[in-house]
Amino acid sequence: MMTRSKTPLTIPKQADRVLSIQSHVVHGYVGNKAATFPLQTLNWDVDVLNSVNFSNHTGYGSWKGHSCTGEEIEQLFEGLEGIHTHYEAILTGYIHGSSALMCVGQKCISIKSSYPETLWLLDPVMGDEGQLYVSEDAIPIYRDILCCRLVDIITPNQFELELLLDVKITSLESLKVAVNLVHKEYNVKYLVISSLTLTAEDLGLGSAKKGKMYSCISSAESGKIVFFEIDKYDSYFTGVGDLFSALLLDRLYKTRDVIISTNQVLTIMSKVLYVTRELCLKDLGKEVKAKMGDSRSMKECELRIVECMDMYSEDDCDYTPFELS
Amino acid sequence: MAIYPTRDLLSISSHVVHGKVGNDAIQFPLNIRHWNVDCIHTTNLSNHPGYKKFKGTKSSFQLIQDLYKGLTKIELRYDAAIVGYVASKQVLEVIYTEILAKLPKETIVVMDPIMGDNGKLYVEEALVPLYKHILRDQTCEGLINLVTPNQFEMEILTDVKIVDLDSLKQAIVSFFELYRVQKVVITSVSFDDSDTVLCIGAGSDGEVFTIQGSRIDAVFSGSGDLFLGILTDRFVKSHGDLKESLTHTMNVVHKVLENTCQLSANLQPKRYVGDKLYIPDLRLVESKFFLRDDSSDGILDNLTTSTTFL
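Chains as they are written, first to last, in the numbering used here: chain A, 1 to 325; chain B, 1001 to 1310.
Source of the hints: derived by calculation from the structure; they are not laboratory data. Computed from a predicted model, the values in this text were never measured in an experiment. For glycine and all other residues, C-beta sits at the position ideal for the given N, C-alpha and C. There is no bait here: all hints are sound.
Derived pair list, reagent style DMTMM-like, types lysine to aspartate or glutamate, alpha-carbon separation capped at 25 Å:
#1 B/K1053 / A/E74
#2 B/K1237 / B/E1106
#3 B/K1052 / A/E81
#4 A/K64 / B/E1075
#5 B/K1102 / B/D1008
#6 B/K1270 / A/E81
#7 A/K299 / B/E1106
#8 B/K1270 / A/E78
#9 A/K232 / A/D316
#10 A/K13 / A/E88
#11 A/K291 / B/E1075
#12 B/K1255 / A/D310
#13 A/K282 / B/D1008
Distance ranges between label pairs, derived from CB positions:
#14 A/E129 / B/D1008: 28 to 38 Å
#15 A/C147 / B/E1125: 47 to 57 Å
#16 A/I260 / B/A1002: 21 to 31 Å
#17 A/T69 / B/T1072: 25 to 35 Å
Could you build all of it, start to finish, from the sequences and the hints given here?
As structure tokens, then:
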């Protein structure tokens, strides 16, 4: 018997190519594991260069594996140069160690110098909420990379932005100064601060709202600074920032509109976190209370990257952008 | 919005930054088929050797050992495990004694004893007796559920040269006499330069069947790894129905290779292996539609099957 299931309506178009340099974990979804599959579903051919190779992320309390040295990473780049790979985009996330970070910086700068149209998103993963989780040596290296004025998009959190600029952000005024400095000094086209520690009160929005936080978006071209009010998520969900930056790169590549892109990505993130929380609840039979270092609960709190595969292409915008003066 | 339940797979194979071989040919298709794929990489190379030059490293046995220790510590359970490309005897030893031997019985293990192709060995020779030993091992009975040698690897494993249907049957008989494995798939058998390709499935219960498909006139890197991944998916989901799994797998792989050919038509410079066009990279991302697990249900357009008992 011959039956035929439905065939695609159009011949798939050639995938765009992205080089993604982040961590690898065998189990779980952080770094390249959180970025790769969502990008692939969006028709990106992802060249995965792993900066570390761990069994699982460090939040579990125990892990094993290997961090790549600068020399090892350099070898991989040389191999890629030898076969003349070409990329429409570069995504750089967590990179362990100064020599590795310096190498990645140099190599990506050289790619961008040869192909200025390659879109480079750099997520300067250094820490959060006042706590540095890389060596202090990373800060000047990130500054040096940005000083080459070739990075298109950066996605720091507020703490990372403060480290990059060596300023304290305590008010709307100091935030605006910092944002303008990023565009001016580093020639960054799009700045997306996914989570501000500044509260509604700090921003002059009235009294602080419980369970809410703010994202801040700015593009050099428009000169506008735009905010979104979003739900706070629990910090034990790891890989959130890595999925965020991967999706943002896709949307910015396709739309070049940072407000719409961020709105779409925030909407997807909120759905992915909802699904993750719901499936967690179903599996555990109770509300998630993940404890860092407790492997059972950390396992349950891994992002449900595969379950959410149909969401990455959605273009809903659930948030309302607003400006502040 | 449909949310499908997922299964968990441990996949031990190679990793390349650029290209789709080893774990990079397994991860995306299996993610699309609702698997979480935990990849232990046996290499970390810039690209596969089909490009003639590459850089990078092979994973040491200590690293493989360490990574699995890390996984054991956080108490993971896998529905299935794939053993693909292994670069050295020491690494295969670790996989055998410290991973396979410790997996619970209910984990379905599929092993591709990657040694060579077309009469040429391309791994270190010391791997050959070790593969034989692992497949023979009493303690492994019921642990390795399915083995997927190609014609050359089947010849190595059984010491029978496969030149016609009779010697093929002889090889299968020898295989089940020698090894304690439930099922075997011999991928891509050809006796002459006909334009068809034959896959053979056989079980320790004596069932043997052949599936004949049309050959695509090009040489690909990574098609065996894609085959391995899809076959594992279907073998688990069909509860060990090898014939159904193999039919489905041949259909899917054929469609992906066809799509790859189409999308690679303008590739320059053209390279050839013998008189056949060489296509170094599978177009997996662009073949998403064909990779879905409901994509080829019931399609039997270019396959003919026949079953016999030995």
